[in-house]
Amino acid sequence: MESERMERTRNFCIIAHIDHGKSTLADRLLEKTGVYEKREMVEQVLDSMELERERGITIKSKAVRMDYRARDGKTYALNLIDTPGHVDFTYEVSRALAACEGALLVVDATQGVEAQTLANVYMALEHDLEILPVINKIDLPSARPDEVRAEIEEVIGLDASDAPLISAKVGLGIDEVLERIVSGIPAPQGDEDAPLQALIFDSYYDNYRGAICFVRVAQGTVRPGMRIRMMNTGACFDVVEVGVRSPGYVPTQELRAGDVGYVAASIKDLHDTRVGDTITDDANPAQESLPGYRQVNPMVFCGIYPADGADYENLKDALEKLRLNDASLTYDPETSQALGFGFRCGFLGLLHMEIIQQRLEREFDLDIITTAPSVVYRVHKTDGTVVQVDNPSNLPPAGTIDYMEEPFVAASVHTPQEYVGALMEVCQNKRGVFKDMVYEGQRVCLHYQMPLSEIIFDFFDQVKSRSRGYASYDYELSGYQQSDLVKLDVLLNGEICDALSMIVHKDRAYPRGRSLAEKLKDVIPRQLFEIPIQAAIGGKVIARETVKAMRKDVLAKCYGGDITRKRKLLEKQKEGKKRMRQLGSVQVPSEAFMAVLKMDE
Amino acid sequence: MDEAIGVYIHLPFCARKCAYCDFTSFAGEEARIEEYVKTVCREARAQAALFGRRLVATIYLGGGTPSLLTGAQARALLDALRACFDVAPDAEITMEANPGTLTPAKLCAYREAGVNRLSLGVQSLDDGLLAAIGRIHTAAQAREAARMAREAGFGNVNLDLMAGLPGQTPRLWEETLAEAASLPCAHLSCYALIVEEGTPLAARVASGACALPDEDALAEMDEITERIARRAGFARYEVSNYARPGFACRHNLTYWECRPYLGLGLAAHSDMDGRRFYNASDWAAYARQACGAQPREAEGDGSAAERRFERLMMGLRMLRGVDEARFHRDFGGAVADFYPKTVREMTALGMLEREGGYMRLTARGMQVMNAVLVAFLQENS
Numbered sequence: 000m001e002s003e004r005m006e007r008t009r010n011f012c013i014i015a016h017i018d019h020g021k022s023t024l025a026d027r028l029l030e031k032t033g034v035y036e037k038r039e040m041v042e043q044v045l046d047s048m049e050l051e052r053e054r055g056i057t058i059k060s061k062a063v064r065m066d067y068r069a070r071d072g073k074t075y076a077l078n079l080i081d082t083p084g085h086v087d088f089t090y091e092v093s094r095a096l097a098a099c100e101g102a103l104l105v106v107d108a109t110q111g112v113e114a115q116t117l118a119n120v121y122m123a124l125e126h127d128l129e130i131l132p133v134i135n136k137i138d139l140p141s142a143r144p145d146e147v148r149a150e151i152e153e154v155i156g157l158d159a160s161d162a163p164l165i166s167a168k169v170g171l172g173i174d175e176v177l178e179r180i181v182s183g184i185p186a187p188q189g190d191e192d193a194p195l196q197a198l199i200f201d202s203y204y205d206n207y208r209g210a211i212c213f214v215r216v217a218q219g220t221v222r223p224g225m226r227i228r229m230m231n232t233g234a235c236f237d238v239v240e241v242g243v244r245s246p247g248y249v250p251t252q253e254l255r256a257g258d259v260g261y262v263a264a265s266i267k268d269l270h271d272t273r274v275g276d277t278i279t280d281d282a283n284p285a286q287e288s289l290p291g292y293r294q295v296n297p298m299v300f301c302g303i304y305p306a307d308g309a310d311y312e313n314l315k316d317a318l319e320k321l322r323l324n325d326a327s328l329t330y331d332p333e334t335s336q337a338l339g340f341g342f343r344c345g346f347l348g349l350l351h352m353e354i355i356q357q358r359l360e361r362e363f364d365l366d367i368i369t370t371a372p373s374v375v376y377r378v379h380k381t382d383g384t385v386v387q388v389d390n391p392s393n394l395p396p397a398g399t400i401d402y403m404e405e406p407f408v409a410a411s412v413h414t415p416q417e418y419v420g421a422l423m424e425v426c427q428n429k430r431g432v433f434k435d436m437v438y439e440g441q442r443v444c445l446h447y448q449m450p451l452s453e454i455i456f457d458f459f460d461q462v463k464s465r466s467r468g469y470a471s472y473d474y475e476l477s478g479y480q481q482s483d484l485v486k487l488d489v490l491l492n493g494e495i496c497d498a499l500s501m502i503v504h505k506d507r508a509y510p511r512g513r514s515l516a517e518k519l520k521d522v523i524p525r526q527l528f529e530i531p532i533q534a535a536i537g538g539k540v541i542a543r544e545t546v547k548a549m550r551k552d553v554l555a556k557c558y559g560g561d562i563t564r565k566r567k568l569l570e571k572q573k574e575g576k577k578r579m580r581q582l583g584s585v586q587v588p589s590e591a592f593m594a595v596l597k598m599d600e
Numbered sequence: 000m001d002e003a004i005g006v007y008i009h010l011p012f013c014a015r016k017c018a019y020c021d022f023t024s025f026a027g028e029e030a031r032i033e034e035y036v037k038t039v040c041r042e043a044r045a046q047a048a049l050f051g052r053r054l055v056a057t058i059y060l061g062g063g064t065p066s067l068l069t070g071a072q073a074r075a076l077l078d079a080l081r082a083c084f085d086v087a088p089d090a091e092i093t094m095e096a097n098p099g100t101l102t103p104a105k106l107c108a109y110r111e112a113g114v115n116r117l118s119l120g121v122q123s124l125d126d127g128l129l130a131a132i133g134r135i136h137t138a139a140q141a142r143e144a145a146r147m148a149r150e151a152g153f154g155n156v157n158l159d160l161m162a163g164l165p166g167q168t169p170r171l172w173e174e175t176l177a178e179a180a181s182l183p184c185a186h187l188s189c190y191a192l193i194v195e196e197g198t199p200l201a202a203r204v205a206s207g208a209c210a211l212p213d214e215d216a217l218a219e220m221d222e223i224t225e226r227i228a229r230r231a232g233f234a235r236y237e238v239s240n241y242a243r244p245g246f247a248c249r250h251n252l253t254y255w256e257c258r259p260y261l262g263l264g265l266a267a268h269s270d271m272d273g274r275r276f277y278n279a280s281d282w283a284a285y286a287r288q289a290c291g292a293q294p295r296e297a298e299g300d301g302s303a304a305e306r307r308f309e310r311l312m313m314g315l316r317m318l319r320g321v322d323e324a325r326f327h328r329d330f331g332g333a334v335a336d337f338y339p340k341t342v343r344e345m346t347a348l349g350m351l352e353r354e355g356g357y358m359r360l361t362a363r364g365m366q367v368m369n370a371v372l373v374a375f376l377q378e379n380s
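Which chain is which? The protein sequence lines are G and Z, in order. Each step along the first sequence adds one to the number in numbering that gives the first Met the number 0, with nothing skipped, and position 153 is 152. Each step along the second sequence adds one to the number in numbering that gives the first Met the number 0, with nothing skipped, and position 270 is 269.
If we strip away everything but chain Z, and leave its shape as in the complex, we get (with noise of 0.2 Å):
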């Protein structure tokens, strides 16, 4: 039988770009929404018929900001994935929110339309820090947000949140991680701020505009977050996201673990049955490839190497790590058949540890993640 895969659908329109984001995204292109929703279901429905009638464990709206949306629009995504696809009776079905674009009877829609986890784009409870990196609500906003979000019936709510930001102090992150995790929500996702390359905020950032906390402050909030959270009783299970008991999200764990995905949309990107690819970035060939009038770029499926090292890359983001066993079944070999140098002095460090059939990254570790996997890529790619 197929495995179960996830489905994400991207929804690249916001009422303004944030400093921050390179993620494929426009502002002031709200009238193609509806036009736009009815070539994403066209799309559902060409890749069904490519892949078959497989089983969807998760759904996920991201952006952008997929809140710009009606009611009505997220019913017409929802309705077609499930016309297409076997979406399971307990998916997980999450959009992402922008605070600043909700209100009750919106919330009401989602919810009636299936969407059953919120992530709301918070990313800090600081009036000053949120109008520097360019968002459009206040604080006020996000947590009116969060308490709209339990009227309305959500239990499964995801915060993001934003570390490291130009002018955050390891106190202001504490303020407002302690007041985030005292709001109703069941996940808290705490990212550390990349500066991405061409962004508004790069640029100020370059010029000495704005200066960023240094490693010592960034490892300091990260030791901030692990001790706020965990007295508020969200367990860590991923580098940046933390959750209640059973509120883990499951469709990022499909990537974290290397299972199939099918990405809708523009410049949304797939991994389905061994093959990479992704969709063209531009509205009118994303069109063509929607109905199959074009192909789609091929992205690289990755030699063995690559795919192996990649279970690592993504694997030891866990908590809990990679999963030997399926390790072993995939590639043929244990991780140290492969890594024998690496897997033994990474040990010897105490960056790396086994419990109960996963190899996983100590908490040591998991603080200098990329460092243990240029180890593992010197070894053998």
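So that you can see chain G by itself, here it is in the shape it has in the complex (with noise of 0.2 Å):
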């Protein structure tokens, strides 16, 4: 049974290929239906984090409620929930998708149809949203909108013939827009009356109010003073306050069935409020949670320490208030005899991981030190023990074990026809196991089985570069599979630093060993003497480099009016050495613990 408001709500996301317009389209929805005036809009309100806007991507999802008088005289309200947009957060954005009926398309009319915009486009299809396409940037001299047209048809099969032509940057047909989105999304359905089911697809730590989350609500109702329970960590609270964000928080009476809004409860810690949990009614709770829950681990692990030993305490206080507003970053105090005290974290995957760095250098101002990132092994032991191995120091010696596993993954890499034979060779390159090929109209989807650490290397790179920037891949976690791993450590003058060692295939350790003591060589800078770069298996060592012994470094004038100068020329000399960590008798500079990922086998 529809009601009224039902029928006046509609709930739809945006996708798009990158740089083809999505959050301009949303900035130009909400400025539209008045949520934000036009001359306090910041740009881009959606991308509202820094580096989000700086990468162009959108990291984590939010939800905004536009009321918006549409021609047929009625007011409805639209809940545009905005989706990451890279594969380290697809599960973010699965459940991101399934809070929507439907999803604008938008494509760029000089660009046409992309490799992500098919990817989104397959993702939306699974959870049943009506695809509404879009195409922007027809202001452009050389927009092909017709060509456009076609191709979404053609490659897609998605009927185009009535997609609004819309120019997202100077405001055009973004009424069309609105319109198509009352006309052509269903309007969501769901017994308010049922006992609550809510998925929470997003969640966010608020100073004041605690953790806060942005559900859908998919039947009952949910109000201030109700108990409720997340039905699958357990957990039970009272709710405080419901409402919508529009686009400050607006409370409202209640939250119903096909309302999509936001739930307060006084919740201390992030961790009980996880995304694609199922709020219900404590009183009377539904017989079971939403579909596709899923408890998210990180799959990436790297250390990370102060370049300043005496940051510790204030890298530990950063990663505290980062985690309060991040459920999927993990961390956990480690040593490392070359890097002293930090913390190996946890991360959903390599962007994640980047983000987290760079927020720790901009937002806290630290001065930090990244090792290579690793994945999690299994090592099964002679004497029947299994132990998970997150950082390569802490492998087990290799005559207590018996074999290794590492985690997998499905991935599926979209492309262009003319970029299968070198993608191809990528995915082999990488240890992928070839599964099927699917043909997409024009494009191409491979199917692999491949090493989740393969892919954390510059996979990434390597797909962008083959395919000028066509391709794009996701994947997921299929589980773990026996490996023939073994433990790479690079000895510096005769010494093992901990800190650079790693754990790879047999038969990639040689090539990797080799290309890694040449990056070495290449970012330590000379010093007084001779130092040796050893690339090491067990005790055998596969690959040397030196860095030669520095021949000149002497200032070749000094005289009475520059001593001062060149006193402090020196001293400068000196600060600049602070970034250099002392591993033994060499001095490392920090890039050189992060030389293993910009590694050309």
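If you are wondering where the hints come from, they were derived from the structure by calculation, not from laboratory data. Since the structure is predicted, the reported quantities are computational estimates derived from the model, not experimental observations. Every residue gets a Cβ at the ideal spot worked out from N, C-alpha and C, and that includes glycine. Do not take every clue at face value.
Computed list of lysine-lysine pairs in DSSO-like fashion (alpha-carbon distance at most 27 Å, straight line) [said to hold, decoys possible]:
#, chain 1, residue 1, chain 2, residue 2
1, G, Lys573, Z, Lys340
2, G, Lys576, Z, Lys340
3, G, Lys577, Z, Lys340
4, G, Lys567, Z, Lys37
5, Z, Lys340, G, Lys565
Here's a subset of chain Z near chain G, in silico, CB distances under 10 Å, partners left out [said to hold, decoys possible]:
#, residue
6, Thr100
7, Arg249
8, Ser269
9, Asp270
10, Phe308
11, Met312
12, Val342
13, Glu344
14, Thr346
15, Val373
Mind assembling these two chains? They're in different frames, but the hints should get you there.
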């Protein structure tokens, strides 16, 4: 039974290839519906984190409510749910899509359908969303809307005959889009009197109100005073406030079936508000939780150390603050002989890792050293026990290991046909096992079974460079498989540097050892004496490079008037050395610890 | 009794600025020379009144291009100094000269004024390189200048040479040096080029318009310098300086030993009785300072730790090294008392050694002196 309220509600998201104008369109919709006054508009409101804007990606999803008076004279509540745009956050995207009935598909009128467009469309179709194509950037001279319209029909198989032709940048055709949302996207359904089921698709930590859940109510009603239960974790809380964001927090009396909004319940720990969990009424619980819940575990780990040991406490505080707002970040104290006291941190993926590193540096003004990322290996010991190893230095002695397993992923690479050969080569070089190849019109989707550890190295860069940016990929963890793995150590001036050790496949050890030694040779500056760099497996050296001794470093001239200036020059040189780590007798710049990431084999 | 001092007089006039030069010096201001000389003489008298009639062991006319002065102007300056200071009878009096500005008559006049050491800015004996760095003279003029200096009776001539110029190969350097060493001179200054910020050369290097020799090529040039200079009878006594026995530049040793010096003229720096100060680098402000109407800028006299470090920074430039007894007397402890770790490690690495009451850099330590000095700074600063 559909209520008048639900009849006038639309829940949708915007999907697009990067740079096709998703955020700009979102801004125009918010502006047009008066959520933001034009002059108050910060450009691209949804991507509010500085980092997100810089990279043109959305990291966390949010929801904004717009009131739109349509041409039929009725006022509709349009809930725009923004979705993260990166493969590290695939799960979060799937939960956001599950909260919608439809999606606007933005396609650039100059670029046409791109690989990411397809990947997004398929994901939206999986969630049974109504997809409305929108052709953007028609103000550009190189726009070819008719061709792109045909492309959408041919390649994706969507009817694009009434796709609005718009320019989000100059604000052209925005009304058309709003009308299409009203007419093309189905109204939500759900029994508002049934036991409560509300899907958490995002959560956020507010310093004053604690963890706040963004929810889509599937059935039932949630209101302040109600005792709610998180169906998957079992935790219970008393609702303090419910409401919608538009753009600030606007409290409402209740959220009913079909509504999108927020729930605040004095939740102290963000980890109690897991994305994908279902909120129900503790007094009158639903029979079952909504489908698709998954506990998200970090997949990539690295060590983060303060460049200056005195900053350890500050680093700890910063990580604690970041974790308040990021349930998928984990950290535990660890020590390295080379780097001292620091933390082993866990991330969803490489981008997530980079974001955290940059936030530590920018928002907390910390100078940090990051070690090479690692996945979690399962080590089966000869005594029958199994240990999980996320730090190569903790690998048990070779003699005690029966066999090891590493995580594998099912990877899908979407690409135009002409790059298939090159990309298959990339996947094979990454130890990928070919599964199948699916034609999607002009496009191809390659499916591979691949070790996660290979993906976290330079897979992204390689896929992009070998396809001139046209291909994209996503992956999901498919389980652990036995692998022939070895620990690769690096010796500087004869001493093992624990922070540079890594676990690699036996067949990769030789090229990787050689490339690592070469890379280190380039980043370690010449010092007073010659420094041998060795890569070794067990006791066996497999690659060797040498940083030659510094030959000349002297100020040619120094006379009376120069003394102060020259002293200051040397003091500056001394300051520069603070970014170096003293490993035994060798000074190693902090970049060296990340060098492993940028290897060409 | 007060320590003898060195007097430096800055003459900031040039026919043209060279591409690598960041000294305070101006082209096209020759009309000011006459007035400027008078101002410097006035400054000398004012400073003598302040610091007393000190014993002056060395005088150095530097620039700029001091050889743009006439004989009479040079004489006026030196007479002024002799009038208000106790210039030692055996004082070393050096004048820098550009080979493109000299005549036999001018040289005789300088000698008669009291100049007894001439430092010729030869830089290179390759016409292509000379033009590239903006010198106003040719190699032939440089050769001729050295010959003229000898004819004029200068027995103590230095040739300034530059290694590591853009496009210079170790072979080209060897040719210049070998020929320079055969010219009539008693001293060679062989400077590795320093690309100073803000110079036309720095802009050319940054834009990629010219390429500098790399570290290995520079190190090779160093070895060439050592070898050629030694064979020709010049011994190295400082990072960049080579002399025949008895011809080390006494004025410059004043700096390296951290002894007092008085700087006169535009932008000149002084270190007198533990106080450091310097003159303004614009004409009007300097003129006011010279007559006492405006105070000089204090440079910062240096904390004990800074002075201690500077003693090493300057002293280790000399092959002989730092006088340990004097260090102990001035700072109340031995070098190893202040820098135990660095002395121990650098000695173990073969960078530092002690002999005959001096602490000095080894030949290897001399090549990488900055790294050694930074280690001292890191331990105690």
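Check: What are the numbers of the hints that this structure violates, sorted from low to high?
Finding: 4, 6, 7, 12 and 14
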